[in-house]
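A.B. asks: From first to last, the protein sequence lines stand for chains Z and S. The numbering of the first sequence is the numbering used here, which starts it at 1 and goes up by one. The numbering of the second sequence is the numbering used here, which starts it at 1001 and goes up by one.
For the record, the hints were derived by calculation from the structure and aren't laboratory data. Idealized CB from N, CA, C, for every residue including glycine. Among the hints, a few may not be true.
Said to hold, decoys possible - Think about it this way: if two alpha-carbon atoms lie no more than 25 Å apart in a straight line, the pair counts; the simulated DSS-like pairs of lysine-lysine are:
hint, chain 1, residue 1, chain 2, residue 2
1, S, K1109, Z, K110
2, Z, K109, S, K1140
3, S, K1140, Z, K107
4, S, K1109, Z, K109
5, S, K1108, Z, K107
Unchecked claim - A few chain S residues that face chain Z, going by a derived Cβ cut-off under 7 Å, partial list only:
hint, residue
6, D1022
7, V1026
8, Q1049
9, R1055
10, P1060
11, I1071
12, S1073
13, S1095
14, F1104
15, K1108
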Amino acid sequence: MARVGVFVCFCGANIADFVDVPAVVEEAKRIREVKFAIHYKYMCSDPGQQQIRDAIVQHRLTSIVVAACSPRMHEKTFRKALSDAGMNPYLLEVANIREHSSWVHQKDKKAATEKAADLVRMAVAKSIANEQLHEISVPVTKRALVIGGGIAGIQAALDIADARIPVVLVEKSPSIGGKMAQLDETFPTLDCSQCILTPKMVDVASHPYIELIPYSEVIELDGFVGNYKAKIRKKASYVNFKTCTGCGACWQKCPVKVPNEYNMGLDKRKAIYTPFPQAVPNKPVIDATHCTMLLKGKCGICSKVCEKGSIDYTMKDEIIEREIGAVVVATGYDLWDPKPYEEYGVGRFKDIITSLEFERMVSANGPTNGVPVRPSDGKVPKNVVFIKCIGSRDEAKGIEYCSKICCMYTTKHTILLHHKVPGSHSYVFYMDIRAAGKGYEEFVKKAQVDTAATYLRGRVSKIYKKGDKLMVRGEDAQIGQVVEVEADMVVLATAVIPNKDNPDLARLLGVSYDKYGYMSEAHPKLRPVETAKAGIFLAGCTQAPKDIPDTVSQASACAAKVCGLFSGDTMKKDPMISTVNNEYCSGCQNCVKVCPYGAIVTEEVPMGHGSKEMRTVAKINEGVCQGCGSCVAICRSMAITLAGFTDPQIINEIVSI
Amino acid sequence: MEAAVNNQLVSIEKPEIVAPPDWQPVIIGILCNWCSYAGSDLTGTSRIQYPPNIRIIRVPCSSRVDPWFLIKSLQTTADGVLVSGCHPGDCHYISGNYYARRRFLVTKKLLHFTGFHENRIQFSWVSAAEGPKFAKVVAKVTEDIKKLGPLHLYKKENFEK
Chain Z
1 MARVGVFVCF CGANIADFVD VPAVVEEAKR IREVKFAIHY KYMCSDPGQQ
51 QIRDAIVQHR LTSIVVAACS PRMHEKTFRK ALSDAGMNPY LLEVANIREH
101 SSWVHQKDKK AATEKAADLV RMAVAKSIAN EQLHEISVPV TKRALVIGGG
151 IAGIQAALDI ADARIPVVLV EKSPSIGGKM AQLDETFPTL DCSQCILTPK
201 MVDVASHPYI ELIPYSEVIE LDGFVGNYKA KIRKKASYVN FKTCTGCGAC
251 WQKCPVKVPN EYNMGLDKRK AIYTPFPQAV PNKPVIDATH CTMLLKGKCG
301 ICSKVCEKGS IDYTMKDEII EREIGAVVVA TGYDLWDPKP YEEYGVGRFK
351 DIITSLEFER MVSANGPTNG VPVRPSDGKV PKNVVFIKCI GSRDEAKGIE
401 YCSKICCMYT TKHTILLHHK VPGSHSYVFY MDIRAAGKGY EEFVKKAQVD
451 TAATYLRGRV SKIYKKGDKL MVRGEDAQIG QVVEVEADMV VLATAVIPNK
501 DNPDLARLLG VSYDKYGYMS EAHPKLRPVE TAKAGIFLAG CTQAPKDIPD
551 TVSQASACAA KVCGLFSGDT MKKDPMISTV NNEYCSGCQN CVKVCPYGAI
601 VTEEVPMGHG SKEMRTVAKI NEGVCQGCGS CVAICRSMAI TLAGFTDPQI
651 INEIVSI
Chain S
1001 MEAAVNNQLV SIEKPEIVAP PDWQPVIIGI LCNWCSYAGS DLTGTSRIQY
1051 PPNIRIIRVP CSSRVDPWFL IKSLQTTADG VLVSGCHPGD CHYISGNYYA
1101 RRRFLVTKKL LHFTGFHENR IQFSWVSAAE GPKFAKVVAK VTEDIKKLGP
1151 LHLYKKENFE K
């Protein structure tokens, strides 16, 4: 027979002022199974816990009920007290008589006391049906997968690898580097982007703990935290990376010219190419959509000039598998297409360009060798109009949110123009100048003085052509007048949008994403790098628009989380999960359909003892099960039990009021 | 079919049973751990007062609630049951509350068919941040059950084991 101990807490005056605690104890003593009941001022204090420990031993108690605050508060504390006394911690039940009684029925002590007594009775009844449970140990594969090789993925991979944890870094394009590799200088210190990024890229390639898989995509992720299995598709590069030395003979001779993505289509690359000179790995790939050899079987020049014989036109996509324990998603961002701004003549006027195109022009390794030129006639522009918030903060045409980085990079662009084109002048149309960040406001203030740029607060309503100039008409809200600026070139600060592949990837990973396509963090403030799915973390613009310092911080935070996850050989898991009783299971598989984690599979078991006939039953993977209980309620034959919330426990609570 | 069912049902709940003047209904609240239970804790922490008739049972997810629990509650101890879970789309377990909602609609029809008044069981969404809403929900449910009067279907049996 069960021997229950009941411990009722005063919680100072919190419970005792509104609930007659001694009366609750007397009421508890009337229950047949209760062999011991006391009250104490602070049950959670050490003397309080000592009374529990002593009573367990002295009165040979088989389960414990603590009537105090919410189990969400001190359940762990009291469970520990039980284990210290040599009792299974899951034989504890907490009756929540503070949040659910004394604090919410302060005007009616009698009713509050009755309710508290009922809550104790329910907890006693439940505890009688409690079973001994043991924490589950799940083995951990200590290898991390980083998806995306921009600055976020690079930083996360390096930080994890420096902790001597193997990393698999998967990058979609032929080289790592991402958007940061396209930048010239970075705000607010005007560091050369290439100079600070490329050493990190080389570190990734040479790090003994990093396996870099470029030109590849993750196509499948199975399993659960600590035990994922990823399928990765290596796209056919048609170049044997093992023998290729990256000499460059092939792309110099290749006759096919294709718009160069790295330079925003401002110049051409070849069909066999490396994205940019500092690419890592510095090996070319063949663009199968343009190579005439692959399309029509004519050409083959690259194969002829390659001394190493590295070109292989028969290469096929390859699927590889890696076992991993955690995933860092760092897929970065795209830029919004400004086509809906028809009144600006986007698409009609060649001299309207986007900020990233401008960035490429002013880059030393860019298509124009670092000097901005007008795409229409190749002349160097003198008067340049920068328009901010193109698509950002614009519900009508674009998106509601602020892209966060445009104010700062536009300021940087005015400085770069000032440096590169003597006698030039910048005009900036803006809604607000958002310069929150270390050294940002100072940077903007200094730039405004140094460049003497004209800042006009207001929206541009129309751009039209006058001769070879662009006339920009907008409002200067501060003087309340319409202004017109004669410009040689217009630069649009287009909005940051999530990587277009984000929703597909999020579904593949089982991570939620918001209405824009950014992946969702588990908690916007307190768990900003974790997702709701255990073991999957977010770095950089995958989660929301952010600048380089924030991206790097978040990437390092992801690395810390991954290292924490891998700190032991096994992970502890709550034992409150479901199990199937094969005797009862009819194999209907309704539970398989409702399980939100895919934790239930089927297995074949013999019909009877020693029988050769087989039948299908459900089987729950204890590593994957999170203990929601959906399967328990849907099981027609009552074959599934959820530890900690079994049918007898809950029914006992119901009938004991 | 529905009309026929509706015509027959009235019988079991006997309006002639008059509640004694000091009668207070017993309501069982089955709350999910992550949203509604946390919300009810917040109601306590914020010291928002509500009627003392509800007795709360914690379950991991509203999808754990078996219709059996509701029927058993009404059979034995409760005059009404409140089930509360996370808001649609916010389920801690991704999709549990959708299953709960569907199952609940069917259960409601079943109870209706067996002759219980459908307000005897109620469903709500209360998030972990909605302390005041929880108090309002409880007040509303308590008021509804008071109007319906005591449930004298089966004699309340004392818990024995």
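A.B. asks: Give a verdict on every hint.
C.D. replies: So, going through the hints one by one against the coordinates:
| no. | hint | verdict |
| --- | --- | --- |
| 1 | S/K1109 / Z/K110 | violated (37 Å) |
| 2 | Z/K109 / S/K1140 | holds (22 Å) |
| 3 | S/K1140 / Z/K107 | holds (19 Å) |
| 4 | S/K1109 / Z/K109 | violated (38 Å) |
| 5 | S/K1108 / Z/K107 | violated (34 Å) |
| 6 | D1022 | violated (11 Å) |
| 7 | V1026 | holds (6 Å) |
| 8 | Q1049 | holds (6 Å) |
| 9 | R1055 | holds (5 Å) |
| 10 | P1060 | holds (5 Å) |
| 11 | I1071 | violated (10 Å) |
| 12 | S1073 | holds (5 Å) |
| 13 | S1095 | holds (5 Å) |
| 14 | F1104 | violated (11 Å) |
| 15 | K1108 | violated (15 Å) |
Violated hints for the displayed structure, listed by number in ascending order: 1, 4, 5, 6, 11, 14, 15.
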